[in-house]
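Trainee: One letter stands for each residue in the lines below.
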Amino acid sequence: MSPAAGRSPARAATSAVAVEGIARRFGRRWALRGVSLDVAPGEVVALVGRNGSGKTTLLRLLATALRPTLGGGTVFGLDLVREADAVRERTGLLGHAPGLYQDLTAAENLRFALRMTGERADGAIIARVLEAVGLGSETATRVRGFSSGMQRRLALARLFLRPPRLLLLDEPFASFDADGIELVNGFIAERRAAGAAVIVATHDPEKAIGLIDRTVRLEHGRLGP
Amino acid sequence: MTTLRRELARAGAVAWKDLTTERRTKATFNSVVFLAALTLLLFGFALGPDAEALRGAAAGVLWLTVLFSGVLAFNQSYQLELEGGAFETLLLYPGDRRAIFVGKLAANLVFVLLVLLLIVPMAAILFNLPLLRPFPGLAGVFALGTFGFVTLGTFYAAMASRVRAREVLLPLLLFPMLVPLLVGAVAATRALLAGDVMGDAGSWMRLLGAYDLIFFVASLLAFEYIVED
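Sequence lines, in order, name chains A and B. This note's numbering puts the first sequence at residues 68 to 292. This note's numbering puts the second sequence at residues 3 to 231.
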């Protein structure tokens, strides 16, 4: 049986995210225990819960960084396991770790990201994106010298290069100053207006006030009240 | 852009990234060359001053030196990815994940060949080896042996990369698999250094070629599964 079986195909096709009974185990510990969730295109969902409640695991499952142990789901109608590569085409994850190369410059990190998505490494686009995240003057600076806030900005810039239809943000406000928070919120608003779905795992949903359509609580790997 | 060209471009990007980082830090290159030189010297001391004994053991010593020092490079190749969670980001780019393997393989190949360029002349001086006459054959043996070694090293380093004791695990996984390659490469190198009077270097090189082909295809097919979390 397909992992996504048991759900209405119509629902899977119209939802940006449709997961049913999704669970993930690490060794003996269940990080996520049968979560079902639907997110519509253009909807912004805040995922809240204590540390270890399964927020990051759920985002990583949706980004296809992990395979579900049980259950399954779709992103824009595409199966998370069987069509993982097509899901990756549509998904962008800003995780806890910036995922940058410390001995490459800011521009080189973005050039690498463009080349890995099969696109031409256009210097003008890279310069524009770096300017947009406030790193215009740091183009040729190696990432090793960046503060954690600057690294998060650069990781965000990587998402700007290829704006995703499903934006997954894990604690996006961490390490950011007021400008950085505004930058993240601006990106969320822009993606929502473009019809993308956004899931924000955060301890600070009030920082995205006015943008969040729905709040989902996770407790011990399950959906809370 | 066709799919193959796109994936080759992605592999090229991975190789460029790894080599650029190494060129800037030189952290791995310096330590690998130093370890290789030290290993050659220690083998020289252990074998004693007998010129015949040194020459007879040279092929084995040289290949063992390449193997021991190369392992350091493979570990470092993935260490770069683990820093700052870059490996997960790398795996989340859409496209065939085998491009990542090919890119890392290419970068490691360039790296180990550069190390060889330094340590082979060093071994020739220490062990008084006649390199010029058998050079074309030796170049072929080094190319085939290095390709097989780097293919398996890159593959097993990916497998060991998420394990805490990866520095220990990698040689434990890798070295037993390298026995046929080591036997073939040492035999071919020894035969060529001795003038290949029996003409058996060719058969050892064919063995190396077959080994390379089998393990390259197998690693390419299995890479997707070993990086899956």
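The set of hints was computed from the structure by calculation and includes no laboratory data. One or more hints might be untrue.
Unchecked claim - Quick list of simulated restraints, FRET-style, between CB atoms:
| hint | chain 1 | residue 1 | chain 2 | residue 2 | range |
| --- | --- | --- | --- | --- | --- |
| 1 | A | 103 | B | 228 | 30 to 36 Å |
| 2 | B | 226 | A | 119 | 28 to 34 Å |
| 3 | B | 222 | A | 189 | 38 to 44 Å |
| 4 | B | 167 | A | 270 | 30 to 36 Å |
| 5 | A | 270 | B | 141 | 57 to 63 Å |
| 6 | A | 118 | B | 166 | 20 to 26 Å |
| 7 | A | 270 | B | 44 | 38 to 44 Å |
| 8 | A | 103 | B | 208 | 44 to 50 Å |
Unchecked claim - Non-contacting residues of chain B with respect to chain A, defined by C-beta distances greater than 12 Å in every case (computed):
| hint | residue |
| --- | --- |
| 9 | 5 |
| 10 | 9 |
| 11 | 11 |
| 12 | 15 |
| 13 | 22 |
| 14 | 59 |
| 15 | 135 |
| 16 | 138 |
| 17 | 170 |
| 18 | 177 |
| 19 | 204 |
| 20 | 222 |
The beta-carbon is built from N, C-alpha and C at its ideal position, and this holds for glycine as well.
Trainee: Does each hint hold? Answer for all of them.
Mentor: Checked hints:
{"no.": "1", "hint": "A:103 / B:228: 30 to 36 Å", "result": "31 Å, holds"}
{"no.": "2", "hint": "B:226 / A:119: 28 to 34 Å", "result": "30 Å, holds"}
{"no.": "3", "hint": "B:222 / A:189: 38 to 44 Å", "result": "31 Å, violated"}
{"no.": "4", "hint": "B:167 / A:270: 30 to 36 Å", "result": "34 Å, holds"}
{"no.": "5", "hint": "A:270 / B:141: 57 to 63 Å", "result": "60 Å, holds"}
{"no.": "6", "hint": "A:118 / B:166: 20 to 26 Å", "result": "22 Å, holds"}
{"no.": "7", "hint": "A:270 / B:44: 38 to 44 Å", "result": "55 Å, violated"}
{"no.": "8", "hint": "A:103 / B:208: 44 to 50 Å", "result": "58 Å, violated"}
{"no.": "9", "hint": "5", "result": "9 Å, violated"}
{"no.": "10", "hint": "9", "result": "8 Å, violated"}
{"no.": "11", "hint": "11", "result": "6 Å, violated"}
{"no.": "12", "hint": "15", "result": "4 Å, violated"}
{"no.": "13", "hint": "22", "result": "7 Å, violated"}
{"no.": "14", "hint": "59", "result": "39 Å, holds"}
{"no.": "15", "hint": "135", "result": "42 Å, holds"}
{"no.": "16", "hint": "138", "result": "36 Å, holds"}
{"no.": "17", "hint": "170", "result": "21 Å, holds"}
{"no.": "18", "hint": "177", "result": "28 Å, holds"}
{"no.": "19", "hint": "204", "result": "41 Å, holds"}
{"no.": "20", "hint": "222", "result": "17 Å, holds"}
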